[in-house]
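J.: With the hints as your guide, set chain B onto chain A.
Number of protein chains: 2
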Amino acid sequence: MDSWILFQTPPSVIGYASVVGEKEHEGPLGGEFDLHDQDDKFGMPTWEQSESEMQRQMFQLLLKKTGVGEDQINGIFAGDLQNQCAASGYGLKDFDIPFFGLYGACSTMAESIMLASCMVAGGLMQKAIAVASSHFCTAERQFRTPIEYGGQRTPSAQWTVTAAGGVMLGKDGAGPIVRSVLPGRVVDAGIKDANNMGAAMAPAFLDTLTRFFRQSGTQPEDFDLILSGDLGAVGKDIVLELMRTQGYDLTGIYEDCGLMIYDTKKQDVHAGGSGCGCSGAVLCSHILNRMRRGELNRVLLLCTGAMLSAGSVLQGLSIPGIAHLVEFCNKGVVEK
Amino acid sequence: MDSWILFQTPPSVIGYASVVGEKEHEGPLGGEFDLHDQDDKFGMPTWEQSESEMQRQMFQLLLKKTGVGEDQINGIFAGDLQNQCAASGYGLKDFDIPFFGLYGACSTMAESIMLASCMVAGGLMQKAIAVASSHFCTAERQFRTPIEYGGQRTPSAQWTVTAAGGVMLGKDGAGPIVRSVLPGRVVDAGIKDANNMGAAMAPAFLDTLTRFFRQSGTQPEDFDLILSGDLGAVGKDIVLELMRTQGYDLTGIYEDCGLMIYDTKKQDVHAGGSGCGCSGAVLCSHILNRMRRGELNRVLLLCTGAMLSAGSVLQGLSIPGIAHLVEFCNKGVVEK
Numbered sequence: 001m002d003s004w005i006l007f008q009t010p011p012s013v014i015g016y017a018s019v020v021g022e023k024e025h026e027g028p029l030g031g032e033f034d035l036h037d038q039d040d041k042f043g044m045p046t047w048e049q050s051e052s053e054m055q056r057q058m059f060q061l062l063l064k065k066t067g068v069g070e071d072q073i074n075g076i077f078a079g080d081l082q083n084q085c086a087a088s089g090y091g092l093k094d095f096d097i098p099f100f101g102l103y104g105a106c107s108t109m110a111e112s113i114m115l116a117s118c119m120v121a122g123g124l125m126q127k128a129i130a131v132a133s134s135h136f137c138t139a140e141r142q143f144r145t146p147i148e149y150g151g152q153r154t155p156s157a158q159w160t161v162t163a164a165g166g167v168m169l170g171k172d173g174a175g176p177i178v179r180s181v182l183p184g185r186v187v188d189a190g191i192k193d194a195n196n197m198g199a200a201m202a203p204a205f206l207d208t209l210t211r212f213f214r215q216s217g218t219q220p221e222d223f224d225l226i227l228s229g230d231l232g233a234v235g236k237d238i239v240l241e242l243m244r245t246q247g248y249d250l251t252g253i254y255e256d257c258g259l260m261i262y263d264t265k266k267q268d269v270h271a272g273g274s275g276c277g278c279s280g281a282v283l284c285s286h287i288l289n290r291m292r293r294g295e296l297n298r299v300l301l302l303c304t305g306a307m308l309s310a311g312s313v314l315q316g317l318s319i320p321g322i323a324h325l326v327e328f329c330n331k332g333v334v335e336k
Numbered sequence: 001m002d003s004w005i006l007f008q009t010p011p012s013v014i015g016y017a018s019v020v021g022e023k024e025h026e027g028p029l030g031g032e033f034d035l036h037d038q039d040d041k042f043g044m045p046t047w048e049q050s051e052s053e054m055q056r057q058m059f060q061l062l063l064k065k066t067g068v069g070e071d072q073i074n075g076i077f078a079g080d081l082q083n084q085c086a087a088s089g090y091g092l093k094d095f096d097i098p099f100f101g102l103y104g105a106c107s108t109m110a111e112s113i114m115l116a117s118c119m120v121a122g123g124l125m126q127k128a129i130a131v132a133s134s135h136f137c138t139a140e141r142q143f144r145t146p147i148e149y150g151g152q153r154t155p156s157a158q159w160t161v162t163a164a165g166g167v168m169l170g171k172d173g174a175g176p177i178v179r180s181v182l183p184g185r186v187v188d189a190g191i192k193d194a195n196n197m198g199a200a201m202a203p204a205f206l207d208t209l210t211r212f213f214r215q216s217g218t219q220p221e222d223f224d225l226i227l228s229g230d231l232g233a234v235g236k237d238i239v240l241e242l243m244r245t246q247g248y249d250l251t252g253i254y255e256d257c258g259l260m261i262y263d264t265k266k267q268d269v270h271a272g273g274s275g276c277g278c279s280g281a282v283l284c285s286h287i288l289n290r291m292r293r294g295e296l297n298r299v300l301l302l303c304t305g306a307m308l309s310a311g312s313v314l315q316g317l318s319i320p321g322i323a324h325l326v327e328f329c330n331k332g333v334v335e336k
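From first to last, the protein sequence lines are chains A and B. Quick note: the first sequence, position 234, residue 234 per our numbering, numbers continuous. Quick note: the second sequence, position 267, residue 267 per our numbering, numbers continuous.
Chain A on its own, in the form it takes in the complex:
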């Protein structure tokens, strides 16, 4: 059965916001983020609370930028990488808005946009907000070792981005619109190396993107940009190669958020950025800015997640991946 959802009444982007850490501010997109904090702590005593506070500041800024009050929002769709999604639960608890907690690993930004879009397009909500965040220091001590330990990183390892992104969707907005979405399936290619997430997630990206082209009747050249979040350098190469075997040439059209947010030659991030805050912040700044300026008119965002836990790695399980797809269009670009 086709899983592709083409909206009859597509929701529009009303506004968006992004807040990042210092390293992200120093990267090539640094000037496009709304706010950053010099020590990544956002004034809080622990890293976990810093991530929550980063989300809270991003959310408050989003309301301010759009001029929309919290009493006009029907739902927040939010998630992060912390155990029990604690960054979102604590970060957004002071807003009196219905809350839907999500867990999609690094696919969360697309999952949250997909659900918020469906609620608006289905006439179930007037306005909804999609949120995702990640924080380098919370991820290091939860999934790997505390940063004080100074563990060495392999070349295929990715650097968890300290960032929060949020986008408000509604029936009417400046745009772009969310034209369609395609939810991902869990794909297990048998990869067991938790320091090579790109390889674990690339097969899920392939599964979703090829299904999308088939079900929507489109080709790579119909899009100005196909964006993954985040496969990094290793995953990007695998994707280009695997897509070629399926008859699709993505050269020149395909980019990865994890390779855009840092200067991978100078910033010592090995295979690039990762974490659901990476695609969240890159989308909710650089990409939507470029779409609003008309430099990009039709963009596919595929956020990829690795559905492992620290425990599942210790138990020797393979790492299933998932990739959710969102199609953004400027109004009037695609005829119905």
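Keep in mind that the hints were calculated from the coordinates and are not lab data. The structure presented is a predicted model; accordingly, all values stated were derived computationally and were not measured. A portion of the hints provided could be inaccurate.
Which copy is meant is left open, because identical chains are indistinguishable; a pair holds if it fits in one copy or across any two.
[Stated by the list, open to error] Derived PhoX-like pairs (lysine-lysine); straight-line CA-CA distance at most 25 Å:
(1) K266 to K331
(2) K93 to K192
(3) K192 to K41
(4) K171 to K331
(5) K192 to K65
T.: Just chain B now, with coordinates in the frame of chain A:
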């Protein structure tokens, strides 16, 4: 703004399934669950993998009971209590169905039904499945201490239920229908005792249920049963008392899944059951059975979640709660 969602074309229950552990099988509802395993391991070497396998068996049984193939399902909405929702990610990875990972702590069953219902009612999906699970042994070692440690429990502590529940929703089905839903807000009442979850979650229950009565124009006596999942003995008493202060008498109408699944006098579970598998399995057996027999015609399910993590407790944070509401009705019971 009203957050209550009354469906114009309400989705129907096509079928449901439940799989539990031995202690749950020995409880008062034991005869109503579809399957149980005598050692709670479901043939697997670790507790975490046992929970995944329990979910997988439940899901497969649900497809078998309904006679619906996986190619006819547009989406799974699933969650659990394990870090990174690993029980669901691994448990359902072999089904070729789009997957939406959720985290709502013990509110997950209502969150998943709510989203699946909205997707069907909004015309975005034909059929969707809502799933939740929990496992006593995975929860003990993740949130408290491994069971081998033999830690003492306080009287207000609840016993995490070993169970998985799932319900298939679609445009047409034997019923009951999901007439309406009301998503919860995160409510922080300042409770810091992680062994008294009932007290932490009761204010969220109050917030959602009073909003529901106001926005839907209903009263407690309009319902055959108002069911929480799971506040336990302590939370139930708090709810009865707090609702009285708001002018609502729930005596005789209100029950708690955590007090139904065990014989609390004989089974040594202190304040009763908890875990998102508890409301999942009680709903997807006893409650829906009684509705289909016509013994209950209109039921409110409010699943309550405590949005803490083991880390947030160690950092001295309070425990925010959330309560999501789903209204089940037999067809024709309520006039539009």
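J.: Check each numbered hint against the structure and report the violated ones by number, ascending.
T.: 1 and 5
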